[in-house]
Amino acid sequence: MKTKTKTKLLSYLIPLCLPIILFLIFTIGTRGFGVNSIPIIISQSLIPFILSFSIVIIISTGLFDLSIGTQMIVIGILVVWLSEFMGAPGLLIGSIGGSVMCAALKGGIYRLLRIPSIILSIGLVMILEYFGIEAMRRTTTMVLFVKPEVSFIGAPPYNYIFTVVAAALFYLIYNYTVFGIHIKLVGDNELTAFQVGIKVNKIKYLAFVISGVFVGFATILYTCYSGSIGFGGVGMSTIALVFRPLIAVMIGISLNRFCNNLLLNLFIAVISLNIIFNGLIAFGLPASTQDITLGVFLLIVMSVTENTNRLREWRRRRTVRKEKQKIIA
Amino acid sequence: MALSGILGAMSANISIYLLLPVTIIVGIVIGYINYIFVVKFQINDFLLTLSMSFVLSGTASFVLNASGIGVPREMLKWSSQGLRIGVMIGVYIICAFVFGWTPLGRQCKAIGANEKAAVYSGINVKRLKSIAFIISGGVAGLLAFFSVIRAGIANNTMGGQLPFDVLIVLLIGGFPINGGVNSNIRAPIIGSITITILMNGLTLIGISEREQQLIRGILLLLIVTATYDRKRTPVIK
Amino acid sequence: MRKKGNLLKTVVALLLIIVSIAGCASESQQNQTANENEAQSESSSDRAGSESNGTASGDAGELPEPFKIACYDLSVHGAAEDCYRINLERIVNACGGELVYVPMQYTPDGVIDMIEQMLALDVDGIMFMPTTDSILPTIAKMCEEAQVYFGTVYRSVRDSEIQGILEQNPYYCGYTTEDDAGAAYDVGKYLAEQGMTKCAVINLEVGDVGGDDRDIGIKKAAEEFGFEIVAEARGLADAAETAKACESFMAAHPDLDGMINLGTYAMGGVEAMATSISNAGKEDTILLGTCDFYQSQQEWFDKGVIRIGRGGQHLIDNAMTLSNVVNAVIGTPVSEDGPTYVTASNVNVFTGDELREWYERTDSGQNIVFTDKVIKTSLIKYFNPEITQDSFKQFAADWGFDFLRSIEQ
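Protein chains in written order, with this note's numbering: chain Y, 1 to 329; chain U, 1001 to 1237; chain W, 2001 to 2409.
There's no promise every hint is true.
Straight line, CA to CA, 30 Å or less: simulated DSSO-like cross-link-like pairs of lysine-lysine [as the list claims (entries may be wrong)]: (1) K2198/W <-> K2220/W; (2) K184/Y <-> K1231/U; (3) K1040/U <-> K324/Y; (4) K1040/U <-> K199/Y; (5) K1040/U <-> K202/Y; (6) K2303/W <-> K147/Y; (7) K2282/W <-> K2303/W; (8) K199/Y <-> K1077/U; (9) K1077/U <-> K2141/W; (10) K2282/W <-> K147/Y; (11) K1237/U <-> K184/Y; (12) K184/Y <-> K1040/U; (13) K199/Y <-> K1116/U.
Calculated from the structure, these hints are not laboratory results. In this text, all values refer to a predicted model and were calculated from it rather than measured experimentally.
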């Protein structure tokens, strides 16, 4: 029992080493970075953290959706407009309701067209961007502002409350519901899942809808974070919004090898990325170096996590070889 | 493409004849690096694409340290429609031959169809993947060459929108997203001609850029819906 | 399945052919429209005829031959699109011409594609923004072969050899630019005079000529006025990312006392900077300045968070280049001796009232800035042969509040 607890504790500690080491590197290496940066890092991590839930639901089902970021912006435009008439409740209901409706529509189109989800998502990005830019053209400034009496819900402690609620919801759905088990089964082997009686199409549709809920949460924080929402133009630039959370999800899933708690791993991944971002700014490095560092960090983390078994095997063989040599000697 | 172009442009300022070999070699090297990460380190290919785009664009900006690197003016004369069309036809013929009539092409399709079955059939999957990455990198280098001699400059915005444009072109041309037996070399030609005629036609009519994007998005979904082979793909992801 | 795919491909191919033919058909329709515009312009110039000077045939209400100018899609200017379109089309329509649009491109390769599209529209003149000097010889050659006049906007030509090549080209009209480096320098200087010692900058991606020029300007100001640039973020995608960057700046450098926006494509980016500063309670300690100002920033100017905005040059830049090209196309070039190079003046805005006034007078809604009188007396030589290169340049140099206040609507 004690060994089990010890092993479990150790398994939690190993992923935690990543942000701790990064934090120490930047704290020692820079002047301005330190404990005072922690609140900023955490508050900047909330939106990608919530978005990562949406991505996990989609990826677990074996699907792929690059249109989440575009969806967030387009729904954000709608809810800022709604908040003019209905205040904070309008923003809340509009974000989650609108996002769920948009996601349901997406799921419906996916079922209707029966094409790969990645292609669908690329097409939807192009279509949604058009509607987003058309909506913004109705304004005089191409930027919509959220009133302070509404945007407070994106500030502490409300943003933390939303994040905790979203995290709890995700944890429950992913780990303790039949739906959570089914999405993993469908993602693992769709044919087998179908043969055991799971309604695969229904699960995929629900995956879109549930992911929409989390996009709705993220939309609330996104619109209130900077107090405004803007849309520059077409050109599929909104796809970039999904990259950081996607990277966090990939890292989080890789960390599952050490600690079987996806929620914690996602949080660690998002925090680590933000520590790097803030640390590089504290270093005063130019933007190009920030990009290189982020890319190299990702490659290192993914290389290590994907090859832990091989590393272990290599170490074992080296040990065996050394012992052999000792015996021969 | 940007990094190949920038390093190529730097070498072109030493000797103009270095541009082509350097861009292609840099492209090949980057392709090989991608192969190592995907095959040897078994990194997810989509994540690799993201990571490498950060690394390469950052490296390109870092190396560049300016708005762009120009090439000697005499190189602009090399850029002619005849040369571009000639090279395109040449590359197409070579790829069509390799893809359609050589064991290499058949083996590539087999890997796309079912990698495990390909391994059990005795196909050296790793070697073929390395060849695929190298060819892809080399072609990107070739594109960088043409882009540099056309614009007279290399900068880090080269090829920015290309990944999604190429994907859309392939899908509209009828290329299956997962590869496999239905892969064909006609798809890029059909897709690129389709898109180019469409976009130019829409511009001539006076359709704005955002409306063009809407039309492209709808067209992409409709064409893929109509041409996607659902019989050969029991599981649509 | 294969038959269905083949059928669809045939349908799509037919559709494309129809679209192309429709495009060609619309050409003739546009010519007809141009003729109608010519008739309308004639009647309007009759009304304005008493105001024009000189002995040009414009005096008699005659218009030049119909012509077409291609321009980049003005929707890149966001909410100001309507105002710019109205004013630029007024300049062209006043001479009996027509303005057509092509999607804007930002990469060197893309700009060449854009020029090819413009030339395919069978135009008489084009105006565009060259992202880099290196593409200009290629474009010059294309325009010379097509016998199309061309002028550039927002950028000067920095390479003297390329300038020489362009000046040899009989179809080159010149450029209109503003001093990007100077704008950044002035913003840095102003804030330094207000007490800024350490600043963070937000800028466009490396490789964007405007952004790089402003980078040069701010570094020069930093050297001369003794402030330090401690952090930078470039190529930020949206307001949220901008807000994050600003928070990170403030967290990493607690003694930061300045932030400068040198350029951003993120809509609401500067507002996000102001919001971050305000949320941190540092409105009095961090001085915020911006190159390029927008209507949406009024509140922050009112609150004194944004101390200086420098910009307002978009409309005049485009108008001057367009006028330059129109003059060449209709046979009355601004100068017979060669291309005309114009530097438009930047405008400084320090308060919310000034910003509001700027937008009431220009850049928003359907404001007419270039009235018939202005066009015919100061911009188009066909109607006023006394326009010289110097007077043309001076018109752009005078751009600002005084000019706008003097316009009779």
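Task: Enumerated hints in conflict with the structure, sorted upward - done: 4, 5 and 8
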